[in-house]
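Visitor: For the record, the sequence lines run as chains A and B. Heads up: take any position in the first sequence, counting from 1, add 23, and you land on the numbering used here. Heads up: take any position in the second sequence, counting from 1, add 88, and you land on the numbering used here.
By construction, these hints were calculated from the structure, which means they are not laboratory data. It is possible that some hints are incorrect.
Claimed, not checked - Here are the simulated DSBU-like pairs of lysine-lysine, each with C-alpha atoms no more than 35 angstroms apart in a straight line:
| hint | chain 1 | residue 1 | chain 2 | residue 2 |
| --- | --- | --- | --- | --- |
| 1 | B | Lys-263 | A | Lys-108 |
| 2 | A | Lys-349 | A | Lys-212 |
| 3 | B | Lys-407 | A | Lys-315 |
Note that the structure is predicted; figures quoted are calculated from it, not measured.
What follows is each chain in one-letter form.
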Amino acid sequence: MKYFILIISQLFISGITSAWAQADPAIKIPYVYTEWESFTTESTNGALVNDHIFFLKADRDSLWVGTENGLMLYHEGNWKSWTEKEGLPWRVVIGIAKDQKTGDLWLALFGEGIARFSGGQFEHFTQMNSGLLNDVVYNLDIEGDNVWIATTAGISRYNQLTGEWETYNERHAPMEEVWVYNVDATPEKVFFAVWGSGILEWDIKDQDWTEYLDPDGEMEIDLYRDDGLIHVITTAASYVDKILWASTYFGLSRYDGRNWRGYHDHDSGLPSVFINFVLGRSGSSSYSCTDKGLGVLADFETDTWVTYHRKTEDAKYWTADIMVGKELIKSVETNLDLPNHFMIAVEFMGTDVWIGTGHGLARGIGKDYYPGLR
Amino acid sequence: MARLPLLILIIEISLILGFGIVLKSQTDIPSQTDSIYGKTPQEYEPYHRFTKPYKRFFLTPLEYPGYGRHIPEPARIDSVKIGFIGPIIENVYEADGTPVEIALRVNQEITQWDGYYTSYLAPLGMKMLQGSQLAVEQANQNGGYRGKIPFQLVVRNDNGNWRSSGEEVVKLVYKDSVWAILGTIDGQNSHILIRVALKAEIPVMNTADTDPTFIETNIPWVFRCITDDRQMCYALADFAFKKLGLKRIAALRAKNRYGRMSIDEFRDAATRLGFPFVTELQYEEGDTSFSSQLKLIKDLGVDGIITYGNSRESALVLKQMRQLGMEQWFFGSDRMVTPEFLQIVGKKHGKVAAGYTYYPDSQDPKYLKFQADFTERFGEKPETYAAHAYDGMSMLIDAIEKAGLNRALIRDQLAAMTSYHGVTGLKKFDPIFNNRTPAVVAILKNGKFEFYTQEEIFSGKLRFEN
Chain A
24 MKYFILIISQ LFISGITSAW AQADPAIKIP YVYTEWESFT TESTNGALVN DHIFFLKADR
84 DSLWVGTENG LMLYHEGNWK SWTEKEGLPW RVVIGIAKDQ KTGDLWLALF GEGIARFSGG
144 QFEHFTQMNS GLLNDVVYNL DIEGDNVWIA TTAGISRYNQ LTGEWETYNE RHAPMEEVWV
204 YNVDATPEKV FFAVWGSGIL EWDIKDQDWT EYLDPDGEME IDLYRDDGLI HVITTAASYV
264 DKILWASTYF GLSRYDGRNW RGYHDHDSGL PSVFINFVLG RSGSSSYSCT DKGLGVLADF
324 ETDTWVTYHR KTEDAKYWTA DIMVGKELIK SVETNLDLPN HFMIAVEFMG TDVWIGTGHG
384 LARGIGKDYY PGLR
Chain B
89 MARLPLLILI IEISLILGFG IVLKSQTDIP SQTDSIYGKT PQEYEPYHRF TKPYKRFFLT
149 PLEYPGYGRH IPEPARIDSV KIGFIGPIIE NVYEADGTPV EIALRVNQEI TQWDGYYTSY
209 LAPLGMKMLQ GSQLAVEQAN QNGGYRGKIP FQLVVRNDNG NWRSSGEEVV KLVYKDSVWA
269 ILGTIDGQNS HILIRVALKA EIPVMNTADT DPTFIETNIP WVFRCITDDR QMCYALADFA
329 FKKLGLKRIA ALRAKNRYGR MSIDEFRDAA TRLGFPFVTE LQYEEGDTSF SSQLKLIKDL
389 GVDGIITYGN SRESALVLKQ MRQLGMEQWF FGSDRMVTPE FLQIVGKKHG KVAAGYTYYP
449 DSQDPKYLKF QADFTERFGE KPETYAAHAY DGMSMLIDAI EKAGLNRALI RDQLAAMTSY
509 HGVTGLKKFD PIFNNRTPAV VAILKNGKFE FYTQEEIFSG KLRFEN
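In isolation and in its complexed conformation, chain A is listed as follows:
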């Protein structure tokens, strides 16, 4: 009996403590996107040609959208689309990069190579008519004059000035497997998420590779949380403020050049370890697209998260859960009404955030947005 009284007392105290914490005005909280605009084929009367969103790319105040059946451009409430009827070489647009120098748009076409969209015309590059390594392309990005291309058989690099193609696979780079999933090019380094081979870093100045693997070398475990990359089945890399964010289908990793930090769904605000894509907003904040919602690490130092998801299958609106580590601090209702929270893409546009799912996309209005906590 005395144990139950003890348990009750502890629960009572903990309940009071929790209530007090929630009411405490001194506790700082992160910014929460509560106001959203949603877009589906149905809600746009067909203007959005396909609901399966693969990639989002902001272009000043416009948004390029890669879908399973076409390329879209959103600008101030208007949609424009390019499908195979309008000359798009292949229906599935899985990656988009904008060359800021030329203004050209580069498209990763899933199974049909890549395309350059310039002056309203599509120029199609395949493994049959160019030096492209493989037509199953997952992503691409621009670094200087180079277009870096992540293919299922390795990495291709196309120099737009010289027209030269370079190939990097297991023979030319430290990759045991060659299934490249994602690329993030910055002025200093280019990062690749290589399915089965972790993260590859290309140092532009040194023209050399560095590889990052899971130190325990085992597929079925993560031996220590912060010993290195969580897993070699990587899906995306994002380098910002000299911080590397790496997503896997087994959790999220952060690397500051010296220390690694791993995040699982049982020890953080991640709604799931199955992360399709990650985008760093700063060295302290990243947005993880998981199969069960959007996991936003809002403040690295305090391990504060905002998780956007549908709490139940029947929920009309998404809920934003503010968490410190795994502890729920507060739940905030939003007006986000996309019917599914299988997240595939995310992009920032100023203070706004765009998300792409398996059924529609949405824009979070960042009115009075602030980074970190306040």
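Use these hints to put chain B onto chain A, whose structure you have.
Guide: Same frame as chain A, now just chain B:
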């Protein structure tokens, strides 16, 4: 105040009930949830001597929480298409990539393999295709999809060249509009296939790739109905180290992904038991002479050699090993349990054992009927690739019948099949949809492979020379 104890009692009861509910909800999970991944014996678990891992993966069922279930069935179709991708064409004209006699080969009933061409795996692929064809034909003889619409096998070639298999899968998904895919054999192409399937959201049934890592990717669209090299390596390691008591084993394997990945669990098991490989040497696929590697191994005084590679190379390694007077145990993979292997090694094979994926001497009526049907249809007896493809294709057809024409719902039906009684036996699937039926050990005796379960080997009734 007198009511306080009663109040406390009510709260206690509520808490007990409450905890009970919590516990129930926490344990109310699908039955295939595992506590140990891959039926791994404790002594083979990574780092088990040093520490417990921070996180274990693959213990709970994979989920697909996406939108696909809401996609309506098509209004009208002429056939229910199921994709097949496998290495079925031996030769491709290098100049223009045109396959040789593709139509003939796809429809040909009896295929004789006469050498190495573009695809080393074409003979196995043809068996896989025949098993798939038989399952589809029998389903159509029973009326087809829901007794109304015929199933159609859409066949595409995977010639072992990394550059083509991914595109073939994309075509199956987006141009052929198949509902599910069966394939393939080679580990590289299988991985490419499932990465496409993940993005395109389509179920994939694998019946022939035994690479353990194939399934260790957390993709909720991938299923495998053949026992993998993890199970086969455990069975072989148990036999070599625990039953025979060997301690010094050398590896001589193919220098390709199959050789590298499939031997992995045997190598780890050997190390964790305290008997790391004395050496690990390689050969190129298609090599015919292994004397230089074997002479090196001979000088090391080993008491066993293990190989992982194709049937022909494995046989030549064994033959040359015996010619050098090396009479040690020779271990290998299921790929060497073939008539070709037996033909090359002849009668002076010595002590030979291999892991194997099922019990081919089964007297299960279902298996006997399949053997009879297959022999009648193709004029030859089925082997492992045909039998497992028949099972995998039958599972796909069952799932489509139950789910209807929706890829996500077909996936759900496959995920719900925690066990399946196929022609290759009773299969039990783990939370990541991998067949975890224990492997058997094939032991060569008098020019013929005999198959033993783990229980039989360790029963004490069998004696083996070490």
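Visitor: Evaluate each hint against the coordinates.
Guide: Here is what the structure says about each hint:
Taking the CA atoms of Lys-263(B) and Lys-108(A), the gap is near 16 angstroms; set against the 35 angstroms cutoff, the hint holds. Only pairs whose Cα atoms come within 35 angstroms are accepted, and Lys-349(A) paired with Lys-212(A) is accepted, the gap being roughly 33 angstroms. Simply put, Lys-407(B) and Lys-315(A) have alpha-carbon atoms about 55 angstroms apart, too far for the 35 angstroms limit, and the pair is violated.
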